[in-house]
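Peer 1: Protein sequences appear in the order of chains A and B.
Each residue of the first sequence is one higher than the one before, counting from 1453 in the numbering used here.
Each residue of the second sequence is one higher than the one before, counting from 12 in the numbering used here.
In case anyone wonders, no lab produced these hints; they're calculated from the structure.
A quick note: this is a predicted structure, and the numbers were derived from the prediction, not measured.
We treat Cβ as the ideally placed atom computed from N, Cα and C, and that holds for glycine.
Be careful, since some hints might not be right.
[To be verified] A short list of chain A residues far from chain B (calculated; beta carbon distances all over 10 Å): (1) Val1465; (2) Leu1473; (3) Phe1476; (4) Ala1483; (5) Arg1493; (6) Gly1540; (7) Leu1559; (8) Ile1573; (9) Leu1589; (10) Tyr1614; (11) Gly1616; (12) Arg1655; (13) Tyr1659; (14) Asn1663; (15) Ile1699; (16) Leu1742.
[Unchecked claim] Residues from chain B shown here face chain A by an in silico Cβ test under 7 Å; the list is partial: (17) Asn196; (18) Arg197; (19) Lys210.
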Amino acid sequence: MKRINFHVLGPLVALVLLILLGWFLNPAFLAPANITNVLARSAFIGLIAVGMTFVITSGGLDLSVGSMAAFLAGITIMAINALAPYTGVNWGTVLLGMGVALFGGLLAGTINGTLITKARIEPFIVTLGTMGIFRSLVTWLADGGTLSLTSDMRTLYRPVYYSGIGWITWPIITFAVVAILGELMMRHTRFGRYVEAIGSNDRVARYSAVNVNRIKLMTYMLLGALVGLAVIIYVPRLGSASGSTGIGWELEAIASVIIGGTALKGGTGRVWGTVVGVLILSLIDNILNLTSLVSPYLNGAIQGVIIVLAVVLQREKRTAGER
Amino acid sequence: MVGVSGGAVLAQGGEKKVIGISIPSATHGFMGGLNWHAQETIKRLNTTYPHIEFVLSTAGDASKQVNDIEDMIATRNIDALVVLPFESEPLTAPVKSVKEAGKWVTVVDRGLSEEGIEDLYVAGDNTAFGRVAGDYFKAHLKSGAKIVILRGIPTTLDNERVEAFEKAIDGSGIEILDKQHGNWNRDDAFKVMQDYLTKFPQIDAVWAADDDMALGVLEAISASKREKEMWVIGGAGMKEIVKRIMDKDPQLPVDVTYPPALISSAIEMTVLNFESDAPMSGRFIIGSRLITPENAAKFYFPDSPF
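When you get a sec, could you build the whole thing from the sequences and use the hints?
Peer 2: So this is what it looks like as structure tokens:
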């Protein structure tokens, strides 16, 4: 019993240790401004990773989310720029843009999910394909350059990323709310139970009268919508999107989910663990930038070691617990 | 592979020639600009020299680029190749075999790993890129001033630039607080700059070394409300940045060029090799110039995506 508890708390312990290390290396680490920065930055990957937790728990995978985010950011910016002359520079236009992002995300998720469930193609292959498609589309739409919001719309939209209630900015609030809802959904709803059931054995789930295809489709739609939500708070940050937006986000999201204790083969999902995973990854980045401990050439290596280490530790604890 | 045909063959009496152009695809602002300039140049030269045919291909990685070049030799029978190697090492052997087949070879920007293959080498000046920026810092900051640097993607090209910059400010008493990789990416530069702002209470200036990164840096500075404390120098000549220099933005006093239009110089010179008696072989290094509010209009291309 004690062992199992430690296994569950593993990622949390790691997070606390990282925070202590950061604080020890540079007291500015715990300054409100730095905490706001790190949490707000984590929100994009965080929102996507919460959705990814459901997809992975159901036994699926989505490699297209980074490209999807870039593409959605591109069409959102284009939509806002195109609408502004007609609807005016006001929040109505921003809301329409947000609608484009959310609806676009839902649609993109539906496409991925439909190809996986109806055409019965491996999730890895489908999303590898759509990853390339979304990335090319945004490069094409931007003509190889960068799509930028017009400056008056930019000024209006900007507070969505940079302000909030005191130092708790809107991205942080959105991330927190989505994380709590996600945890509740996974633990306390029929949808969550079905997702876990499908992930551990989809044939058994099918015999238990679970509509496997519908639930799978829904996980991809949920993920798509969350990518849309991430785009809504990403666009006001720099007001632009290009072919290099969101590169590697899919891998960061997947890594966060795994660090958080969700099994890559599906069956068990832990949304709060994912949140901890996201925070661990962005804190490592932040601490390395704040301290110049090692050559910046090695930042990626350190993150890689920690990802592998986190999973190794969990594997060992799991077998220990099962024994 | 996109074939841009010259239409009427032998219209001007000149001999029909095919020029293959192989460049990286438009995944970064600079490459987007380079692609745009390549297409514009082809369009313009097609009207001037209808008997010259251009074959343009863009590649997302080195191995695709090798395939493109092999296809050009095998199926398009090119007379000359203008190539911006995605990476030096893997492209050296394929370009060498083009040369051995008796074709004219123009190499752009990134050199091959073996000397003496190309007939013509056209490139920007990475050392000058760092030096010109460094000279500006030295001239406009007092001794004891504190600056931070954002580096590009870890490459030898990036090392050359940073070394030249450091050499230029050597002995000025300017202190470099930190240099981290922003990977020529706006989002990464934003993050790194946020962390710099947390880490250092005093920063007098930033060398962002790229205009995409400069935009991310400016956003991080404005979020921390420290705009008045520091100015930022980017690099390359992105139209938004050039516009702000024209408008005399105090935060962006100047920029250093590394023009994506260098591909145009390479294509034009390759064409002239066939169309004139002027000697075209050798090395053509395009200087890095300082864009100031006075001369900015000359560097402003509002139609380019970059």
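Peer 1: Hints first: check each against the structure and report whether it holds.
Peer 2: Results of checking the hints against the structure:
1. Distance check on Val1465 of chain A: its Cβ is at least 25 Å (rounded) from any Cβ of chain B, clearing the 10 Å threshold; non-interface status holds.
2. With a least beta-carbon separation of about 15 Å from chain B, Leu1473 of chain A lies farther than 10 Å from that chain, consistent with its non-interface assignment.
3. Remark: the non-interface label on Phe1476 of chain A is consistent with the geometry, its nearest Cβ contact in chain B lying 15 Å away (cut-off 10 Å).
4. For Ala1483 of chain A, the shortest C-beta to C-beta distance to chain B comes to about 7 Å, within the 10 Å cut-off, and the non-interface label is violated.
5. Not every Cβ of chain B is farther than 10 Å from the Cβ of Arg1493 of chain A; the closest lies at roughly 6 Å, contradicting the non-interface assignment.
6. Every CB of chain B is more than 10 Å from the CB of Gly1540 of chain A (nearest about 24 Å), matching its label as outside the interface.
7. Non-interface call for Leu1559 of chain A relative to chain B: holds, since the shortest CB-CB distance, roughly 25 Å, exceeds 10 Å.
8. At roughly 23 Å, the least C-beta separation between Ile1573 of chain A and chain B is larger than 10 Å, which holds for a residue marked as non-interface.
9. Every beta carbon of chain B lies more than 10 Å from that of Leu1589 of chain A, the smallest distance being close to 13 Å; the non-interface claim holds.
10. At roughly 5 Å, the least C-beta separation between Tyr1614 of chain A and chain B is not larger than 10 Å, which violates its mark as non-interface.
11. For Gly1616 of chain A, the condition that its CB be more than 10 Å from all CB atoms of chain B holds, with the nearest at approximately 12 Å.
12. Every C-beta of chain B lies more than 10 Å from that of Arg1655 of chain A, the closest at about 40 Å, which supports listing it as non-interface.
13. Non-interface status of Tyr1659 of chain A relative to chain B is upheld: no Cβ of that chain comes within 10 Å, the nearest being about 45 Å off.
14. Here Asn1663 of chain A stays apart from chain B, with its beta-carbon at least about 39 Å from theirs, past the 10 Å limit.
15. Its beta-carbon lying about 8 Å from the closest one in chain B, Ile1699 of chain A breaks the requirement of being farther than 10 Å from that chain.
16. Look at Leu1742 of chain A: its CB is around 5 Å from the nearest CB on chain B, not clear of 10 Å, so calling it non-interface is violated.
17. A cut of 7 Å between beta carbons decides the hint on Asn196 of chain B: the least distance to chain A is about 5 Å, and the hint holds.
18. A hinted interface residue such as Arg197 of chain B counts as satisfied when its beta carbon comes closer than 7 Å to some beta carbon of chain A; here the least separation is about 6 Å, so the hint holds.
19. With a cut of 7 Å, the hint placing Lys210 of chain B at the interface with chain A holds, because the nearest CB-to-CB distance is about 5 Å.
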